[in-house]
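There are 2 protein chains.
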Amino acid sequence: TLDVSERDAQTSHRTVTIPGLINISSYIPNISNAVKGPAEMKEVTRLLVESGFTYSQIMPKSTSGPVITDEQYLKVANSVVKDSAYTDFGFTVAATANNVDDVARCAKDANALFLPYRELSNKVSIVAEHLKNWPIEKQVIAEAKTSDLASVILLASLQNRAIHITGVSNKDDLALIMTVKEKQTKVTCDVNIHSLFVSQDDYPEALFLPTPEDQDFFWRNLDGIDAFSIGSLPTALANVTGNKVVTGLGIKEALPLLLSAVNSGKITIDDIVERLHDNPAKIFNIPEQNAVVEIDLDFTFRHKKRWTPYTKGGLTGGVERVLVNDETVVLSGDLVATEAKGQPVVNSAKIATPAPPAASELSHVT
Amino acid sequence: TLDVSERDAQTSHRTVTIPGLINISSYIPNISNAVKGPAEMKEVTRLLVESGFTYSQIMPKSTSGPVITDEQYLKVANSVVKDSAYTDFGFTVAATANNVDDVARCAKDANALFLPYRELSNKVSIVAEHLKNWPIEKQVIAEAKTSDLASVILLASLQNRAIHITGVSNKDDLALIMTVKEKQTKVTCDVNIHSLFVSQDDYPEALFLPTPEDQDFFWRNLDGIDAFSIGSLPTALANVTGNKVVTGLGIKEALPLLLSAVNSGKITIDDIVERLHDNPAKIFNIPEQNAVVEIDLDFTFRHKKRWTPYTKGGLTGGVERVLVNDETVVLSGDLVATEAKGQPVVNSAKIATPAPPAASELSHVT
Ligand SMILES: [Zn+2]
Ligand SMILES: [Zn+2]
Ligand SMILES: [Zn+2]
Ligand SMILES: [Zn+2]
Ligand SMILES: [Zn+2]
Ligand SMILES: [Zn+2]
Ligand SMILES: [Zn+2]
Ligand SMILES: [Zn+2]
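Chains Y and V, in that order, are what the protein sequence lines are. Each residue of the first sequence is one higher than the one before, starting from 1 at the first, in my numbering. Each residue of the second sequence is one higher than the one before, starting from 367 at the first, in my numbering.
Everything labelled a hint here was simulated from the structure, so no lab data went into it. Mixed in with the good hints, there may be bad ones.
The calculated label-pair distances, taken between Cβ atoms and stated as ranges, are [to be verified]:
#1 V:579 x Y:137: 31 to 41 Å
#2 Y:146 x V:448: 45 to 55 Å
#3 Y:146 x V:692: 47 to 57 Å
#4 V:582 x Y:101: 19 to 29 Å
Below are the EDC-like pairs computed for lysine to aspartate or glutamate, each with C-alpha atoms no more than 20 Å apart in a straight line [claimed, not checked]:
#5 V:537 x Y:129
#6 Y:123 x V:582
#7 Y:132 x V:637
#8 V:408 x V:449
Note that this is a predicted model, so its numbers are computed, not measured. Each residue gets a CB set at the ideal place from its N, CA and C atoms; glycine is no exception.
Produce the entire structure from the sequences given, and follow the hints as far as they go.
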């Protein structure tokens, strides 16, 4: 447990230092677009590091479908991230109905296989094929829900392999996962941070949000939730509500939402660190970074630039400083690093590269 | 394998002798109704034995819901069957959303726990509770399909317990079951005999029937189907089509449908015996009976008394003679036994009773 013990003398603000956070589902829809990708990667990782995240696990999809589905796309993505990452990062690759062999060939350069909901719903035999072909020691991330959830867990459990369910969105799904976890420790899950704070009551048109009843179940069963995520939900929500979609929606307010819950006594700092650092590192086999984040619990968070799902205001808590490899990269919540020094990390083997990044550094991953 | 070697000299009809068949889902909706039950039990078991079945595993439900859900109902059912069974028989008991403890107390006197579709759809945590409370050595029968199928198999597999899926009705479900069976031998399934011969093409209003595509998949994957059943499907079909519902719908033509498929070369006699005798006996731990059935493969089957799902006619094959304990109980397809001597069988321990049945014989099961 972390003690909130330090105090900022000048302002009497409480501060606490935590390890660099892990974003397990960084939404960078142009990741395999050589033209638009680099600026988007820079913007998203800037927002992430300013928000306390020092590692970005990149989602292989946009709102219109999977974007990293074979070696060719992964090669483009690798060129996109070069000198554009303010955090360390790792790739995940997307399964589709017809890329079983293609995607398996990406395994050595990716941290996980991502099973998108839309593409694989009701396709049990294809999912089974993907699980057979993906290396057993590598993680699988499933967006599965309701009718697809039990079948993907079943298929993974028949292979005695790990599976991570991302973006659990209703209480029946979490209840099933919790039942499975009693017997089968290789199943893990995350809940979207925003869906802990906004519900179908706030956005009746967004059926992918939990109902207030689901949300209540999440809060009463935080022990069953291994990780928190951000993902593409804020963007999807902006889409259905007709709000402006810009790069990096939902990132900046993610931690302030959780810190406000700490301030109101609903969770502890340790609950956050477990779900945004300890468990993500274990689940995805991400090596320890030399990265710390100084949190200010009494900072008044105001979010002005972008539309945000949570519009009720009153958020308190934010990032004061971020240090990576003993270097200050964020100060007073703003990026101060002059270079994008983020490095690719494939599972527990950090890719050895000279610092500063040289042109040849990423060549082995292509 | 059984050879079709005997010949009926007088008529040049081919005959074959097979073991007494097992009906794993005998539909007797008034089984727990002390007034209507006995006549219905007599009629259904008469039709069954005339059709080659010498063992009836009784379904615990009517079309309006479960009928054997606790010890009290099981006690009534036991009084109903007394001196009313022309076959040996066994009880199964129905799980509901709120009888976890009640139904578990019936375990010693029942062969299996039955999980009805309607009552338990989407109730994962209740199904989990039932599976926890039901003795691990006793079979569980699930009507689960589509979205509920994977979750019930998952829950059973987490407990490493057997589960039998009854009435598989579409190709996705059979494909999932076949995938699971590659790794997990404790999962078995049956397909309804009628749904191998009539489809949604014949009855568009009956969405519980397979489509022609599903049916085609069943025929191409008979190896994945452990057993054949009759169950309540013919009655449900009469209901939705506005045909007259009478006791014992679908029984008499079940074997002739399969024998006609033998005659047209689609299956073998052995395929039938495996799915209506060998596998049912193994799956439900039913002890070997001293019962043989003489089949006439060239008998022209005509079904006149009751409405039948299969209306295309042209069925060839039927029961000539049935012998139980070396006594002829059916001759030329008609019941000749004067007494209903069927005995309760609880799993592999046949209940020891004096013959003829005495008033005290069933008292231990109540
Ligand atoms: Zn702790
Ligand atoms: Zn401060
Ligand atoms: Zn750590
Ligand atoms: Zn902002
Ligand atoms: Zn054989
Ligand atoms: Zn004959
Ligand atoms: Zn036998
Ligand atoms: Zn008839």
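Taking the hints in turn, this is what the structure says about them:
One distance hint, 31 to 41 Å for the beta-carbon pair residue 579 (chain V) and residue 137 (chain Y), holds here, with the actual separation near 38 Å. Range check, residue 146 (chain Y) to residue 448 (chain V): Cβ separation about 46 Å, and the 45 to 55 Å hint holds. Checking the proposed 47 to 57 Å range against residue 146 (chain Y) and residue 692 (chain V) shows it holds: the Cβ atoms sit about 56 Å from each other. Against the hinted window of 19 to 29 Å, the Cβ-Cβ separation of residue 582 (chain V) and residue 101 (chain Y) comes to about 28 Å, which satisfies the hint.
With a CA separation close to 17 Å, the supplied pair residue 537 (chain V) and residue 129 (chain Y) stays within the 20 Å bound. Taking the CA atoms of residue 123 (chain Y) and residue 582 (chain V), the gap is near 19 Å; set against the 20 Å cutoff, the hint holds. Between residue 132 (chain Y) and residue 637 (chain V) the CA atoms are separated by roughly 31 Å; this puts the pair beyond 20 Å, and the hint is violated. As the CA atoms of residue 408 (chain V) and residue 449 (chain V) are separated by approximately 9 Å, the hinted pair is consistent with the 20 Å bound.
Checked against the numbered hints given earlier, this structure breaks only hint 7.
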